[in-house]
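Taking the hints into account, I'd like the entire structure generated from these sequences.
In order, the protein sequences belong to chains A and B.
Okay, so the first sequence: first residue is 1 according to our numbering, each after it adds one.
Okay, so the second sequence: first residue is 1 according to our numbering, each after it adds one.
Please keep in mind that the hints were generated in silico from the structure rather than gathered at the bench.
We put the beta carbon where it would ideally sit given N, CA and C, even for glycine.
Warning: the hint list may mix true and false statements.
Unchecked claim - Here are the computed distance ranges between Cβ atoms for each label pair: (1) A:Pro-99 / B:Asn-5: 51 to 61 Å; (2) B:Gly-32 / A:Asp-456: 53 to 63 Å; (3) A:His-23 / B:Glu-71: 19 to 29 Å; (4) B:Tyr-13 / A:Ser-617: 28 to 38 Å; (5) B:Pro-119 / A:Arg-405: 26 to 36 Å; (6) B:Tyr-13 / A:Glu-656: 25 to 35 Å; (7) A:Glu-245 / B:Gly-32: 26 to 36 Å; (8) A:Ala-62 / B:Tyr-13: 28 to 38 Å; (9) B:Asp-15 / A:Glu-131: 24 to 34 Å; (10) A:Arg-405 / B:Thr-124: 53 to 63 Å; (11) A:Thr-499 / B:Asn-118: 44 to 54 Å.
To be verified - Think about it this way: if two alpha-carbon atoms lie no more than 20 Å apart in a straight line, the pair counts; the simulated SDA-like pairs of lysine to any residue are: (12) A:Lys-664 / B:Thr-42; (13) A:Lys-664 / B:Glu-125; (14) A:Lys-194 / A:Thr-358; (15) A:Lys-351 / A:Leu-395; (16) A:Lys-19 / A:Gly-528; (17) A:Lys-123 / B:Ala-61; (18) A:Lys-19 / B:Asp-94; (19) A:Lys-123 / B:Thr-42; (20) A:Lys-664 / B:Thr-124; (21) A:Lys-664 / B:Asp-15; (22) A:Lys-664 / B:Glu-128; (23) A:Lys-123 / B:Asp-15; (24) A:Lys-446 / A:Glu-590.
Said to hold, decoys possible - Footprint (simulated), chain B over chain A, 3 or more residues, beta carbon under 8 Å: (25) 171-181; (26) 287-294; (27) 451-464; (28) 685-698; (29) 720-729.
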Amino acid sequence: MTATGERPAAEIGQSRRRKEDAHLITGRTTWTDNLTLPGMLHLAILRSPMAHARITSIDTSAAKQRPGVIGVFSGQDFKDVQGDVPCAWPVTEDIVIPPAPPLAVAQVNFAGDAVAVVAARSKAEAVDALEAIEIEYDPLPPVLDMEEALKEGAPLVHESTGTNHSYTWAFDSGEAGSGGSIDEALAGAEVTVKRRFIQQRLVPAFMEPRSTVVQPIGEGVTVWSATQIPHVLRVLLALSLGIPEHKIRVVAPDVGGGFGGKIIVTPEEFITTLVARRLGKPCKWTESRSESIMAAHHGRDQIQDLTITATRDGTITGLDVHLYADMGAYLRLLTPGVPTLGAFMFNGIYKIPAYRFTCEGVFTTKTPTDAYRGAGRPEATYGIERIMDELAAELGMDPLELRRRNWIKHEEFPFTTVSGLTYDSGNYEAATDRALELIGWDELGKEQAERRSRNDPVQLGLGISTYTEMCGLAPSRILAALRYAAGGWEHASVRMLPTGKVELVTGSTAHGQGHETAFSQIVADHLGVPFEDVEVIHGDTQAVPRGMDTYGSRSLVLGGTAIVQATDKLVAKARRLAAHMLEANEDDLEFADGKFGVRGVPDSSMGLGDIAFAAFSAHDLPEGMDPTLEAESTFDPSTFSFPHGTHLCAVEVDTETGRTNIRKYVCVDDVGTPINPLIVEGQVHGGVTQGIAQALFEEAVYDEAGNLTTGTFVDYTPPSAADLPSYTTDRTETPSTTNPLGVKGVGEAGTIASTPAVINAIVDALRPMGVNDIRMPATPERVWRAIHGARGGGDRAAGGTVAYGGASTSTLDGGTS
Amino acid sequence: MTKINVTVDGVAYTDDVEPRTLLVHYLREQLGKVGTVVGCDTSNCGACTVDLDGQAVKSCAVLAVQADGSEVTTIEGLGGPDGALDPVQQAFHDTHALQCGFCTPGMIMAVRDLLRQNPNPSETEIREGIEGNLCRCTGYQNIVRAAQAAAAAGVPA
Numbered sequence: 001m002t003a004t005g006e007r008p009a010a011e012i013g014q015s016r017r018r019k020e021d022a023h024l025i026t027g028r029t030t031w032t033d034n035l036t037l038p039g040m041l042h043l044a045i046l047r048s049p050m051a052h053a054r055i056t057s058i059d060t061s062a063a064k065q066r067p068g069v070i071g072v073f074s075g076q077d078f079k080d081v082q083g084d085v086p087c088a089w090p091v092t093e094d095i096v097i098p099p100a101p102p103l104a105v106a107q108v109n110f111a112g113d114a115v116a117v118v119a120a121r122s123k124a125e126a127v128d129a130l131e132a133i134e135i136e137y138d139p140l141p142p143v144l145d146m147e148e149a150l151k152e153g154a155p156l157v158h159e160s161t162g163t164n165h166s167y168t169w170a171f172d173s174g175e176a177g178s179g180g181s182i183d184e185a186l187a188g189a190e191v192t193v194k195r196r197f198i199q200q201r202l203v204p205a206f207m208e209p210r211s212t213v214v215q216p217i218g219e220g221v222t223v224w225s226a227t228q229i230p231h232v233l234r235v236l237l238a239l240s241l242g243i244p245e246h247k248i249r250v251v252a253p254d255v256g257g258g259f260g261g262k263i264i265v266t267p268e269e270f271i272t273t274l275v276a277r278r279l280g281k282p283c284k285w286t287e288s289r290s291e292s293i294m295a296a297h298h299g300r301d302q303i304q305d306l307t308i309t310a311t312r313d314g315t316i317t318g319l320d321v322h323l324y325a326d327m328g329a330y331l332r333l334l335t336p337g338v339p340t341l342g343a344f345m346f347n348g349i350y351k352i353p354a355y356r357f358t359c360e361g362v363f364t365t366k367t368p369t370d371a372y373r374g375a376g377r378p379e380a381t382y383g384i385e386r387i388m389d390e391l392a393a394e395l396g397m398d399p400l401e402l403r404r405r406n407w408i409k410h411e412e413f414p415f416t417t418v419s420g421l422t423y424d425s426g427n428y429e430a431a432t433d434r435a436l437e438l439i440g441w442d443e444l445g446k447e448q449a450e451r452r453s454r455n456d457p458v459q460l461g462l463g464i465s466t467y468t469e470m471c472g473l474a475p476s477r478i479l480a481a482l483r484y485a486a487g488g489w490e491h492a493s494v495r496m497l498p499t500g501k502v503e504l505v506t507g508s509t510a511h512g513q514g515h516e517t518a519f520s521q522i523v524a525d526h527l528g529v530p531f532e533d534v535e536v537i538h539g540d541t542q543a544v545p546r547g548m549d550t551y552g553s554r555s556l557v558l559g560g561t562a563i564v565q566a567t568d569k570l571v572a573k574a575r576r577l578a579a580h581m582l583e584a585n586e587d588d589l590e591f592a593d594g595k596f597g598v599r600g601v602p603d604s605s606m607g608l609g610d611i612a613f614a615a616f617s618a619h620d621l622p623e624g625m626d627p628t629l630e631a632e633s634t635f636d637p638s639t640f641s642f643p644h645g646t647h648l649c650a651v652e653v654d655t656e657t658g659r660t661n662i663r664k665y666v667c668v669d670d671v672g673t674p675i676n677p678l679i680v681e682g683q684v685h686g687g688v689t690q691g692i693a694q695a696l697f698e699e700a701v702y703d704e705a706g707n708l709t710t711g712t713f714v715d716y717t718p719p720s721a722a723d724l725p726s727y728t729t730d731r732t733e734t735p736s737t738t739n740p741l742g743v744k745g746v747g748e749a750g751t752i753a754s755t756p757a758v759i760n761a762i763v764d765a766l767r768p769m770g771v772n773d774i775r776m777p778a779t780p781e782r783v784w785r786a787i788h789g790a791r792g793g794g795d796r797a798a799g800g801t802v803a804y805g806g807a808s809t810s811t812l813d814g815g816t817s
Numbered sequence: 001m002t003k004i005n006v007t008v009d010g011v012a013y014t015d016d017v018e019p020r021t022l023l024v025h026y027l028r029e030q031l032g033k034v035g036t037v038v039g040c041d042t043s044n045c046g047a048c049t050v051d052l053d054g055q056a057v058k059s060c061a062v063l064a065v066q067a068d069g070s071e072v073t074t075i076e077g078l079g080g081p082d083g084a085l086d087p088v089q090q091a092f093h094d095t096h097a098l099q100c101g102f103c104t105p106g107m108i109m110a111v112r113d114l115l116r117q118n119p120n121p122s123e124t125e126i127r128e129g130i131e132g133n134l135c136r137c138t139g140y141q142n143i144v145r146a147a148q149a150a151a152a153a154g155v156p157a
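Right, here's the structure in full:
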């Protein structure tokens, strides 16, 4: 029954065109906002126009009289039942977690905080009625600058907590025993370089605005939501709102991008659930883009103070990292944990004998931060890759040579780093050599020298980023040590249907990655069935009872391994049944191309489909065997996986206008064994683009009063096709040794690698002019200012704006000693 | 309410609309043409791009009443009756020019419009031609490839 004839020898490694495309390119989509239920009401949320204020009165009576309005609610109406939007990552024992009501009750803490909600028969009527809600605010001082916020007597975001300091999370290699004493390294250093780098605030900017539909059914609810985490959402709706978990169904239908931006449980999911239950009607909430940019969580926003020490010959002796991480107004699901992930990545690919990492989480009256593509790791990679260039400049050494001198050599794997992780495999030399060759490094170097010598107004800069990252989040035991509330396993079950078709049920919920295609390839190879015969089921807790969802480049490493394990178990069961049917010993059966044959007996073969039908009919099963051919498995990794690579960027900088132009961008990534090279390349393209966007284009800016001034795509400026070059991509393949597929993860690699490559290139172009940093995004204005002030790029043109998370400019230069 | 007559994807509709109704909301909410999506509120992202009388427009920037008497083609109206794909749709699939797929309907409509005006665009012309459509997943490289592939295949004008 199994048509094995048309199956290519191996699906894994083929650039299969995606199964997902068929409905997406024809508009037959199931985005949450497409869903309409009989009697469904539409919600619109009124948001605080002020960064920080007490609510002195709310009058919803006029709004209730508006046409089509069925209900209007404020925090007062739900204060006894709405609970708090949960934080699952209390990183320290004494962390300060302020109350986070889904609808503000007495106070608003950022511009965009939800204060009231209208339910109406149409979306237009709901939005119209918002205008009729009367709210009086008593303004409080905004808290915008992290360092100011920590000073004695500073205004507090949350009065009840008595502090703007959420936590201090620290790691010291001397204390941990993973390395030497950083104090000794600092005291005895031949060369010390200190820098302050700013990770500006970013907006994940997934293309599909968030949307939630809730249908109340008896005691329970069905929730459709544009989320990365349907399984986590189900558990947290139960824990937070007291709805019995077994009466909650969560569906993530087509989800239009996430990038971490849909990784949290949102206030709006709670609000929609509360209103739907209160009114006993299905309700839909869909945000506008401006609402999304203002109220959906932001990413990054750190002040990084780095000190690196080395010997005169360029051997690193120590690294000391201090971070201020902006939490925003509340702690969302992962907020405190995101910057602490950087602890394991600041040491990058280098052998660093002594290391300290200190992270302080700070509350401000801004939109809460949480995961954004890379989550803690791009920040760390930026810090180390930028300061490597600064150290090279201080030493008068080629930045590439400095990296070679300090990186882990391929024969030194597995290697346990100073932050305590064991990298299983890698080959930094091979990836770097390939990248240098592809970009024509030496030729570009000659051109750079030539342009310098003739004082060309357009200078050329060459930037390097040799990165690694920790993927496959995450081993549950490590998560426990990091005080994360849940585990990091993933689940799969595989069912062989009576007609030989296969259903794969995976807990890895997709939102654009191509899981259906890549997972089908894995199943096809492991069961010997055609790619087309595999259906991948995901994103619905009723169909997929167990899962940990999708983030942290985990789907292939964890979800893929769970699939391999499940198919192995299925084949083992099929072997028992086949042996019974063929009257042979199990040990004498060979399994290949979806068929069992008795060794040495030609024409004795039996396909998996026949075995599945025999299991289904159950006429003659071995004693005690269930009449199904299915198996399930959970994979919890013992460690992370570590993709790596080398990204090189050549940037032309017009020194008269400050305009930059990426002339060439080459990346050679090592993500282990590629399952589908086409999808890998696509992930790299998109990832590199988001990293370039951080380097050159994007920033969430607040004014002095705490208003977000980049609240639309007009102001936030995500890059268009015309802003970007084409990239040259290639791979080296060093299989991971910690999972059966040899895969490492690719979702975040490009983003992690590209930001420092671009900024290193711009700084390289301008270093002869005394420039040693450019604040991101390196707009033409900032580049021009850096050239003319030989400084870090100065403030934005608008005087008085707090453009980069509040760090004061005066200390930006850092300097060397 | 204002009465409008619009042909959408080959079907003639007569409807009453509020004068302020945007074409995209008319398509989605009154006709159920939810293949066309809304990605922003400032006419930047182009996710809602449709064909209006042979020209690509952002349907969030057109009032439904402005489409009175017009012919609209959405992503759902492309391709043959037998399910055959439009060459641009096919090119998007072949070159992996989409990931999450949310920008894709608008992007496909924009590329079709570009190729109608310029059947053999250079890479720069393609990049500038789709500048009004944002994609967050692909970095645009494979969308450029898709446009090139469709151009090579000779899209009917």
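Check each numbered hint from earlier against the structure, then list the numbers of those it violates in ascending order. Going through the list in order, the structure violates hints 4, 5, 6, 10, 12, 21, 24, 25 and 27 and respects the others.
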